[in-house]
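Enquirer: Single-letter residue listing:
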Amino acid sequence: SQKIEQNSEALNIQEGKTATLTCNYTNYSPAYLQWYRQDPGRGPVFLLLIRENEKEKRKERLKVTFDTTLKQSLFHITASQPADSATYLCAKKGSSNTGKLIFGQGTTLQVKP
Amino acid sequence: DAGITQSPRHKVTETGTPVTLRCHQTENHRYMYWYRQDPGHGLRLIHYSYGVKDTDKGEVSDGYSVSRSKTEDFLLTLESATSSQTSVYFCAISGTDSYNEQFFGPGTRLTVL
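Residue numbers (my numbering), protein chains in the order written: chain A, 1 to 113; chain B, 1 to 113.
Please keep in mind that the hints were generated in silico from the structure rather than gathered at the bench.
Where hints are given, some of them may not hold.
Using 30 Å as the maximum straight-line C-alpha spacing, the simulated DSSO-like pairs for lysine-lysine come out as follows [unchecked claim]:
#	chain 1	residue 1	chain 2	residue 2
1	B	Lys-57	A	Lys-3
2	B	Lys-57	A	Lys-71
3	A	Lys-3	A	Lys-57
4	B	Lys-70	B	Lys-57
5	A	Lys-57	A	Lys-71
6	A	Lys-71	A	Lys-55
Just so it is clear, the structure is predicted and the values come from calculations on it, not from any experiment.
Could you put together the complete structure from these sequences and hints?
Expert: Okay, here's the thing in structure tokens:
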């Protein structure tokens with residue numbers, strides 16, 4: 001079965017440093033991967049999408065990479081701030097064209113001032 | 001939350017009682033999804049809809065049914081609630097393009113005693 005794996009351990013970093021979160025998937029490479037942010041008590045919010053033919057995508061302080069050889073996506077937040085503290089979810093496209101996504105468990109990021 | 005609401009936001013019920021959760025959208029999006037989120041499991045798809053009266057099962061559909069009689073409403077029913085269905089339930093919507101991101105509602109916290 002298709003799986004998305006994210007480090008379940010929380011990531012603690014100091015303000016100003018770069019946070020790097022990992023997302024690994026099994027089986028075939030998906031057409032795209034998506035990254036979401038989730039704050040406590042709220043629904044996930046879409047951040048970025050990266051297609052399989054894209055190596056890298058950037059949005060402000062965010063950068064996502066997609067390595068189909070390693071079956072891995074990395075999510076970077078540069079110059080991290082305490083406001084970046086949240087849980088970040090990786091999702092891959094499901095097997096059909098119905099917009100279905102398969103989500104990882106998420107990695108919680110804590111940025112300390 | 002991108003024109004998507006869920007009701008109720010909180011509910012406590014007893015084992016064996018029927019429960020219906022409602023998702024309402026004002027975006028006229030084609031696809032709608034119901035997820036549950038539990039510690040250690042992340043977001044798991046229960047059911048989804050790809051149009052009015054068109055629904056299909058997700059990975060954890062046992063014990064749940066859905067209905068979509070109008071574009072804007074997607075109902076999730078627990079016919080006879082069990083304690084294992086205690087969870088946070090999220091509704092999500094997405095547009096026609098299968099690359100589209102999903103927009104999530106605020107969630108419903110359901111406790112089954």
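Enquirer: Which of the listed hints are not met by the structure?
Expert: The structure breaks none of the hints.
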